[in-house]
Amino acid sequence: MSLLKIDKLTIRAGGQALVKDMSLTIEPGARVGLIGESGSGKSLTAFAAVGLLPQGLEAKGSILLDGVEVVGAPEETLRPLRGSAAAFVFQEPLTALDPLMKIGRQVAEPIARRRRREGKSAKRSEIVAEVRHYLERVALPDIDRIMNSYPFQISGGQRQRVAIAMALACRPKLLIADEPTTALDVTTQAEILELLSTLVREEGMALLFISHDLPVVAKVVEEVTVLRRGEIVEQGPVRTVFGSPQHEYTKMLVNAAAAFDRALGEPVQ
Amino acid sequence: MTDVLETTPPARRTSRSLTLSVGLVLVGLHVFAAILTLIWTPYEPTAMTGGRLEAPSLAHWAGTDRLGRDLFTQIMIGSRIALFVGAGAVAIASLIGVTLGVLAAFATRTLDDALAATFDILIAFPTLLLAMLVVAATDSASLFSAILALGIAISAIVARLTRILAKRVLAMDYITAARTAGSSWASIVFRHVLPNIWPTLSVNFALQFGIAIIAEASLSYLGLGAPPPNSSWGRLLQEAQGTVYTAPFGAVAPGLALVSLVIGMNLLADGLRDIGDPTRRGRR
Chain W
1 MSLLKIDKLT
11 IRAGGQALVK
21 DMSLTIEPGA
31 RVGLIGESGS
41 GKSLTAFAAV
51 GLLPQGLEAK
61 GSILLDGVEV
71 VGAPEETLRP
81 LRGSAAAFVF
91 QEPLTALDPL
101 MKIGRQVAEP
111 IARRRRREGK
121 SAKRSEIVAE
131 VRHYLERVAL
141 PDIDRIMNSY
151 PFQISGGQRQ
161 RVAIAMALAC
171 RPKLLIADEP
181 TTALDVTTQA
191 EILELLSTLV
201 REEGMALLFI
211 SHDLPVVAKV
221 VEEVTVLRRG
231 EIVEQGPVRT
241 VFGSPQHEYT
251 KMLVNAAAAF
261 DRALGEPVQ
Chain R
1 MTDVLETTPP
11 ARRTSRSLTL
21 SVGLVLVGLH
31 VFAAILTLIW
41 TPYEPTAMTG
51 GRLEAPSLAH
61 WAGTDRLGRD
71 LFTQIMIGSR
81 IALFVGAGAV
91 AIASLIGVTL
101 GVLAAFATRT
111 LDDALAATFD
121 ILIAFPTLLL
131 AMLVVAATDS
141 ASLFSAILAL
151 GIAISAIVAR
161 LTRILAKRVL
171 AMDYITAART
181 AGSSWASIVF
191 RHVLPNIWPT
201 LSVNFALQFG
211 IAIIAEASLS
221 YLGLGAPPPN
231 SSWGRLLQEA
241 QGTVYTAPFG
251 AVAPGLALVS
261 LVIGMNLLAD
271 GLRDIGDPTR
281 RGRR
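So the protein sequences, as listed, match chains W and R.
For the first sequence, full-length UniProt numbering assigns the number 1 to the initial residue and increments by one for each residue that follows.
For the second sequence, full-length UniProt numbering assigns the number 1 to the initial residue and increments by one for each residue that follows.
To be clear, the hints were calculated from the coordinates, so they are not data collected in a lab.
Hints may contain errors.
[Stated by the list, open to error] Computed list of lysine-lysine pairs in DSBU-like fashion (alpha-carbon distance at most 35 Å, straight line):
no. : chain 1 : residue 1 : chain 2 : residue 2
1   : W       : LYS5      : R       : LYS167
2   : R       : LYS167    : W       : LYS60
3   : W       : LYS219    : R       : LYS167
Construct the complete structure from the given sequences, taking the supplied hints into account.
In structure tokens, the structure reads:
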């Protein structure tokens with residue numbers, strides 16, 4: 001059974017279609033990229049997958065997440081799926097973390113929720129031990145200090161690691177990373193990408209990686225879907241799509257990335 | 001960056017801690033006096049212990065009223081009444097206001113619009129007038145009818161503020177993040193929304209506390225507040241009105257008490273906001 005099966009998804013705002021006839025399948029453990037310029041419907045598709053479309057938007061078609069139909073499903077059906085079937089990592093870790101909650105408590109929240117779902121005890125000491133485990137998992141230094149810090153007291157890269165730890169703590173089958181490196185500097189970007197790839201492989205999660213940055217996507221995924229103005233223009237293994245792009249838009253993306261690499265005097269990957 | 005942060009704060013830090021300490025001292029004095037009246041007062045509040053309309057002296061720190069009763073004793077009891085009414089009114093207002101405000105922020109569009117319009121209409125109604133209506137609706141004026149009246153009148157302001165603040169928090173990325181991770185609405189309200197609106201809300205509570213005290217004095221001045229054995233500052237002012245030229249201190253003393261508590265409350269509010277918000281605290 002596919003983990004996520006989006007079939008002919010159309011998302012409308014009033015009369016305008018923001019996503020048109022989109023189909024995408026993610027098998028357990030697969031790593032899939034969703035690429036396209038801003039406003040192409042990448043994030044909307046991801047939010048639709050967990051039934052969290054902004055007010056006023058309407059989804060048609062079918063989305064099966066872990067075997068459950070998401071489109072039109074009531075909140076009670078959707079809530080248990082969120083976190084356990086799919087968890088998110090967002091673009092801007094500063095705003096994705098509650099500014100007034102210490103990191104330790106913030107990471108403890110998904111852990112406590114998952115333990116309640118699994119019917120395990122929610123004993124404080126056990127939760128704290130798990131918080132430490134996940135913060136270690138994302139290679140954060142000085143865990144005692146970080147657990148006692150507010151988000152604004154740690155660096156951007158550390159914040160994104162915390163956000164990843166929170167997503168991991170849900171033990172999702174699918175990790176949805178929505179431009180997780182866009183807000184970070186180049187060095188931190190590379191570290192976070194490395195971390196995400198390693199974690200996804202080690203935890204056996206599937207990954208949906210959303211980005212407008214072609215080289216970044218190429219580094220972490222096996223398959224890629226190229227979106228433009230809400231429509232799929234190309235879909236397939238990374239090598240095929242980026243190696244011999246068929247659609248004009250994909251060609252343009254590949255050329256732009258190549259030109260950028262040449263300008264930097266580095267070989268094209 | 002660190003240089004900038006370390007060179008600017010000293011002046012602000014002292015002004016902030018000064019705000020807090022002056023507020024603490026003023027409110028603390030009133031709280032102390034209020035608690036003290038439960039076990040001890042300089043004189044019996046109803047006993048005629050001196051000449052009529054005496055000026056302040058060592059025996060009578062704030063002079064005496066037209067019946068020769070000690071004014072300082074009555075002002076101390078006034079502190080207790082003011083604090084009691086303020087706390088009661090704010091407690092009622094926060095209970096009703098925060099509940100309705102959060103409800104409106106989460107509600108469907110129609111319900112939200114209806115609630116917002118209701119808050120606006122209630123706010124457009126003067127607090128005092130609304131309180132007078134509530135007092136008039138209850139059988140007789142009592143301390144509790146005054147508290148209830150002010151609480152209801154203030155709750156609309158609290159509700160409107162809560163609604164706006166909660167809506168702003170609900171639009172934040174961390175709420176979306178919490179929802180994608182499977183948080184329930186209840187958990188979002190109690191773990192994210194309330195803690196994040198609390199710093200602003202608590203400052204407003206302190207301001208409303210001051211407004212409630214003034215409103216209670218106004219109600220008592222009009223004879224709609226706590227009935228006679230309770231010596232509210234408003235009633236003292238009203239009694240002193242007729243003799244303000246012969247014994248001005250009779251009006252000045254309760255006025256000073258009122259102003260000092262309200263100012264103290266506001267200063268305390270400012271100081272507390274700085275403590276309540278870790279991002280402000282961290283930047284100092």
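Does the structure keep W:LYS219 and R:LYS167 at a Cα separation of 35 Å or less?
-> violated, 39 Å
Agreement of W:LYS5 and R:LYS167 with the hint, judged by alpha carbon distance not exceeding 35 Å | Cα-Cα ~34 Å, so holds.
Within 35 Å, alpha carbon to alpha carbon, are R:LYS167 and W:LYS60?
-> holds, 28 Å
Hint check: a violation occurs at hint 3 only; the rest are consistent with the structure.
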